[in-house]
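*Asks:* Model the full assembly from the supplied sequences, consistent with the hints where possible.
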Amino acid sequence: MVRDISAVDTMTENVESFRQLSPSEFFYRNKEIAGFSSPSRALYQTVREFVENSLDATEVHGILPNVVISISREDSSNPNYFTVSVEDNGIGIPSNIIPDAFGRILYSSKYKFRQTRGMYGLGAKMAILYGQITTGKPFEIYSSTSRSNKIFYYKLSVDIRKNEPIVFEEGAWEKKTSWHGTIAKVTIEGDWNKRTRDYISVYVKRTAIIAPYADITLIMPKFNGEQEGNGEEESEIVCYKRVTDKLPVPPKETKPHPLGIDLEMLKMSISESKNKTIKDFLMKNFQRIGEKKAEEILKIAGIDFDRNPKNLNDKEIEALYKSIKSVDFISPSPDPLSPIGEELIKIGLKQVLNPEFVDAITRKPKSYGGHPFIVEAGIAYGGKLSENLDEIARDSIKGQSGPFIALLRYANKIPLLYDEKADLIWSVVNPDDFNWKNTYKLDPSDIVVVLVHIASTKVPYKGVGKESIAQVEEIRKEVEAAVQELARRLRKYIVKKRKREEAEEKFRIFLKYIPEVAQNLAVFYDGVSPEERKKIAQELESTLKAIAEKKVKIIEEVKEE
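1430 is the number that the numbering used here gives to position 38 of the sequence shown; each next residue is one higher, with no gaps.
If you're looking for bench data, these hints aren't it; they were derived computationally from the structure.
In silico EDC-like cross-links for lysine to aspartate or glutamate, where the CA-CA straight-line distance does not exceed 16 Å: (1) K1685 with D1672; (2) K1850 with E1645; (3) K1937 with E1908; (4) K1529 with E1581; (5) K1738 with E1748; (6) K1943 with E1896; (7) K1942 with E1896; (8) K1577 with E1562; (9) K1659 with E1710; (10) K1756 with E1734.
*Replies:* Dropping the structure here:
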């Protein structure tokens, strides 16, 4: 007997219920994946996200950044509530965009084909959402553009179910100065301990190293070993002053490279296209596709040059995609990238760490999977470096046997502080795999700072928290080449330095014996009185000292070079 499934009593069945989550609700439920995994980490992540926004709003637009970060307890009844305020002098945000820019998840200016610190349009909004669910307090923002004669104010939160802003207050005031920029203020639940303090201060310090063109001020509660919050609380102020007016070359927005797209992206591009022919679509929507290349792609796909792209069926689009992947292209344009530059890396390392030797290198642009990237590296050695190391670097070298490598990792100018040992960069420079001692002549007691920066339109992070770089072979090769070149330069410096020190030691020994040598040489003068021989010995001693001092001076001049 065949059972009639349609006749089954549905009342006896277990039926799962389904509903859609908004982006806000998804990240509300999974805030850990964006770095908000604990009250301590949330404070660090909040500072980081708003500082990144401030720097993108200034330097990309040719403005020398002035950034003020303030962390304070403003609610004495809730000592674990911290208000984070970040002020910048950036381009500001048009008033009509502010509510959506901060109250709608996945609404952002970051979705462009160019290098930016942020990737997902999540960071600041996750901080706002985290503050909302831990303290119930809304987000506040003041902003003004350079062309506006008003300053606009909003107090808002996120409607988690609808993924849209809820505006509680808004206002506008006439400007009395030429100020432009943004002041963002959010209150979150946090945990102010030594680790929190260290990570925030190190983040700002490492930002100052690669942004010596910025004025950055950090104001935070002074940590004395106890969680405070009752009564008047002392503040700790850290300032990093601008030491150069030179800015990195800003990134330019470009079209995607054909090798960097997938089938779904191609379908979306076609659906949004206003081009009348598929040939025109390829030439106008992708870089590195000229007329001949477009015709080559279409011939392989078997598609007529004059077909309307919106009339292509799924099978034809798939053939077009396979054709694109089968042809050769020039590497992606580096125009959307904004490397720091060798000069700024050296200025930053010198200013903050005060080493005796510093050097930097910016490699030529390369690509992986159709995404352009540039690897930069810096190296610092000697001087006052060891006393200027930050807390995270000190902790990192504790487990090393020497020589000691303090690694400063950056991606799109963002300092990466967590998950160091899981990072591609560490796998290259760590003392166990990179022969710093034998090949590059470092002593076991030496400390070297290695800075590595990866700039790309798509940094291959291991997670949404953006703290470590995944293993991509093309990037690994560039990191190896950059660090090896700087290590060779350091070795050359160390070898010269040791030779100078050996020569100096020989001269110091020689100087000790000059009086005795002069007296012995004076003995060879015949027919002179004892007084004359004494005078001759003194003259010989002066001559020998002058020769020795001249040699030492030459050594010192070489040393300075």
